[in-house]
Amino acid sequence: MEFKISELMSLIDDDSIILEECDVASVESIKEAVMNKIHKEETRTKPARRWGRTLLIAAVVVCLMLALGATAYAVGISIHRQRQDEIRRQLSINENAVSDYHEQSVPTDETEVHEGVTLLSTINDGQFQHVYVNVCPVEPEAVNSFGSTVTNEDGTRGFYEFSFTNDGENFGHATPFITNFSDGATIQELVASAYDEASKTLTLECACWKSQFPFDKPFDLTLQLRYISDKPDSHTYDAELIRTFGTVTVDPTDRSVREIRFDEPVPFVNETTGRTGKVIGLDLSSMNIDLIVEHENMETMYVPSSLEGKEKEEYFNEQLGWLKATDKLAWSLTLTCSDGSTRSGFGIMSMAYTDGHVVNHCGLGNTTINTGDIVSVSIGGVTFDLGSVS
Amino acid sequence: MDECTALKKLKVGDEQALGWLIDRYTVYVSTIVHSVIGAAMGRSDVEEVTADVFFVLWQNRGKVQPGKLRPYLSALARNTALNKLRERRQELSLEEDVLTAAVGAPEQGYTKKELAALIRRAVDALPWPEREIFLRHYYYCQRVKDIAAALGMNESTVKTKLHRGREVLRRSIQEGGYIDGI
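These protein sequence lines map, in sequence, to chains A and B. Under the numbering used here, the residues of the first sequence are numbered 1 to 390, in order. Under the numbering used here, the residues of the second sequence are numbered 391 to 572, in order.
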């Protein structure tokens, strides 16, 4: 197996070597650049305070545009930058001081039309690299029919799918990045918040699973629009390629983990077998929680193929019992932040046996947490002050 | 103001504290950044990356622990500079950066934390000057000729000692087993 030493070195820090100092940066210019970045960032993250003024300016601009015959597309920041701001807000990147989120440099000139795929940002949740892209051009019909099935001439049913792939054979399902979660809205109305009709640009999220996409080196991501139809008389389907938008190279981001191990493991019971397991801790990262548990037979959590009949059924029931018990635990998990607010309602998305325990992966959905701000954890009726755990 | 006070103030969003830290650490950070990208990029790039490092420090101000700022900045400077190189699609010029090691099965895998501890132990096990040469080259990305000049050695001596360092690391990985995610 091959390793890059320079990448292995990224796992450690060092301040033991005294390098020969060089005068290559002016303190004042660094200070000015940093302060500019901070103030620019603050301006971008506080839209509410300026809303009234923004509306007024927008109204004036629209009047001017109408007077001058300009199009809506020529106003404001580019759709790429606009979407980056929306994703950042939706994921609470600034509020939660998320360092793992990587935003790409995108064109800011609103008059440029960028057909194809524009990479906006990426974040790693341990199981998936969430890759946010703009694709263009997307016709309104494809957006309006998203989530609906239609009946084909031959009586079969089909639907449009935005797909992503790195090998042309295995496809993932890209989902519109919805920012407008209003109650009672139809799926089309929700999807509309990810679509800019003026520039025919749709913002998509591609959740790239680590089993298919390498997390240790850049990978190519190709975005397509496909029409998926049932295949008559079979359980398979036909996929017709409608359009390939293009390919971008994604540099996977790393994930910072806050490892919490309980001094006293939390016991829990498999109600099928009556046996006891234990939660030994949590790994927190900005976009997911790994619940670390140990129990009997965890190393063979998938039913061995050698088993058959009643023996197989019993084994299956035991493993199902562990799954139900850990899922119940995940739902009991509450994280308390330093300001007293709490986060809870985590379900297990996937699990794997690794490093001598079962890692249960709980996703946070389209949001993040500030891992450094969690001051206590409650699980299974036991509360841990994080000052008392290692 | 001392560093502990500055970090406490930084945590609550005090820009003056950040300014104090920039005054104190600009030379340290920019020296590391220059060490990584100086051969490939100019002064303005070094300044840009150095500013990025302090901006990330500001964004992560709640996470930095007193007493650990210097190694934190070192790793941040190094990794931000490497990202800059990747953005420009430029490669590091390092001696035999790829290490081939026979490793075990995935079920014997390491967590990243365990792997970091293994790397740390392997590097710390090197005697002087091998350790310094290894870190200068693979961590700070200094060129062989610059290391030779800094330590008053000839380049072939530096290369020999880098070879020994790689062997120690290779043995540590092989004895340790499989590494997941690297």
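It is worth saying that the hints were derived from the structure and are not from the lab. The C-beta atom is built at its ideal place from N, Cα and C for all residues, glycine as well. Be a bit skeptical, because a hint or two may be false.
Computed, partial: chain B to chain A, Cβ under 10 Å [claimed, not checked]:
#	residue
1	Asp392
2	Cys394
3	Thr395
4	Leu397
5	Lys399
6	Ser420
7	Ala441
8	Phe444
9	Arg468
10	Asn469
11	Glu504
12	Ala538
13	Gly542
14	Thr550
15	Arg560
Hints, one by one, checked against the model:
1. At a threshold of 10 Å, the smallest CB-CB gap from Asp392/B to chain A is about 18 Å, leaving the interface hint violated.
2. Taking 10 Å as the C-beta contact cut-off toward chain A, the hint placing Cys394/B at the interface is violated, the least distance being around 17 Å.
3. Hint on Thr395/B is violated. Least Cβ distance to chain A is approximately 19 Å, over the 10 Å limit.
4. Checking Leu397/B against chain A by beta carbon gives a least distance of about 13 Å; that is not within 10 Å, so the hint is violated.
5. Using the Cβ-Cβ criterion of 10 Å, the hint placing Lys399/B at the interface with chain A is not satisfied: the shortest such distance is roughly 15 Å.
6. Taking 10 Å as the C-beta cut-off, the interface hint given for Ser420/B holds, the closest approach to chain A being about 4 Å.
7. The beta carbon of Ala441/B is positioned within 10 Å of a beta carbon in chain A (closest approach about 4 Å), and the interface hint is therefore held.
8. At about 5 Å, the closest approach between the beta carbon of Phe444/B and any beta carbon in chain A falls short of 10 Å, and the interface hint on this residue holds.
9. Nearest Cβ of chain A to the Cβ of Arg468/B: about 8 Å, under the 10 Å cut. The hint holds.
10. Given hint, Asn469/B at the interface with chain A, holds; its Cβ is 6 Å from that chain's nearest Cβ, closer than 10 Å.
11. Nearest Cβ of chain A to the Cβ of Glu504/B: about 8 Å, under the 10 Å cut. The hint holds.
12. For the restraint placing Ala538/B at the interface with chain A, the shortest Cβ-Cβ distance is roughly 13 Å, beyond the 10 Å limit, so the hint is violated.
13. Violation of the interface hint for Gly542/B is found here, the shortest Cβ-Cβ separation to chain A being roughly 12 Å, above the 10 Å cut-off.
14. Interface hint at Thr550/B: violated, since its Cβ lies 16 Å from the closest Cβ of chain A, which is beyond the 10 Å cut-off.
15. Against a cut-off of 10 Å between C-beta atoms, the interface hint on Arg560/B holds, since the closest Cβ of chain A lies about 9 Å away.
Checked against the numbered hints given earlier, this structure breaks hints 1, 2, 3, 4, 5, 12, 13, 14; the rest are met.
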